[in-house]
Amino acid sequence: MNRTEDGFALIDVIFVCGIIGLLASIALPRLTLAKSAAGSASAIGSMRTISSAQLTFALTCGAGFYSPNLTTLGIAPPGSNEAFIGGGLGAGDPIVKSGYIVKLEGTAYVGAPPSCNGLAAGQTAQGFKAAADPMEVQNPRHFATNANSAIYEDTASLFVDMPEIGVPAAGSLLR
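-2 is the number of the first residue of the sequence shown in the numbering used here; add one for each residue after it.
It is worth saying that the hints were derived from the structure and are not from the lab. Note that the coordinates shown come from a computational prediction; the quantities given were computed from them, not determined experimentally. Virtual Cβ for every residue (Gly too), placed ideally from N, Cα, C. Among the clues, some could well be false.
Claimed, not checked - Label-pair ranges, simulated between beta-carbon atoms:
#1 79 - 20: 39 to 49 Å
#2 158 - 53: 20 to 30 Å
#3 12 - 90: 27 to 37 Å
#4 85 - 30: 31 to 41 Å
#5 107 - 24: 49 to 59 Å
#6 42 - 76: 25 to 35 Å
Based on the provided sequences and hints, a complete structural model is requested.
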């Protein structure tokens, strides 16, 4: 009687699983690094988008004043179907995007006129500050911007000490 064996032996399956495990252990740190870099790029893009939206709001709807929050930028002016900010940034205050908490704040100015998209008189701001802080503790990249439209980076949150206009006491200018 002649017997042929087809299929894999248990040792073959264990060997293949070991190789897959080794390759995964090599690739996983690079994958998390790439995810962190992508989140940082998205946060920088969000800061640029907020600066641009704030400038557009001030020039077209705010009579030279800025929006005090993200949701106001998410409201389209009369006669338009497009809000000042998109990409989900105007959906709430604050919002979570790509592993970052994005927030915007502007101190209301009593003498400000009403905006064209629904803010009452005295609610718009002379300046603003926005920040993107990572949700993961091991991510050291925090970003912020203000009415000067420059983006700053630091290893700690810049939001509390960020002035609405001018250079912050901490952080370095992102080029």
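Consistency of the hints with the structure:
Judged by the Cβ atoms, the range 39 to 49 Å given for residue 79 and residue 20 holds: they are separated by roughly 47 Å. Between residue 158 and residue 53 the Cβ separation comes to about 27 Å, which falls inside the hinted range of 20 to 30 Å. Distance hint check: the CB atoms of residue 12 and residue 90 are about 54 Å apart, inconsistent with the given range 27 to 37 Å. With their beta carbons about 25 Å apart, residue 85 and residue 30 fall outside the hinted range of 31 to 41 Å.
Between residue 107 and residue 24 the Cβ separation comes to about 57 Å, which falls inside the hinted range of 49 to 59 Å. The beta-carbon spacing between residue 42 and residue 76, approximately 28 Å, falls within the hinted interval of 25 to 35 Å.
Consistency note: the structure conflicts with the earlier hints numbered 3, 4.
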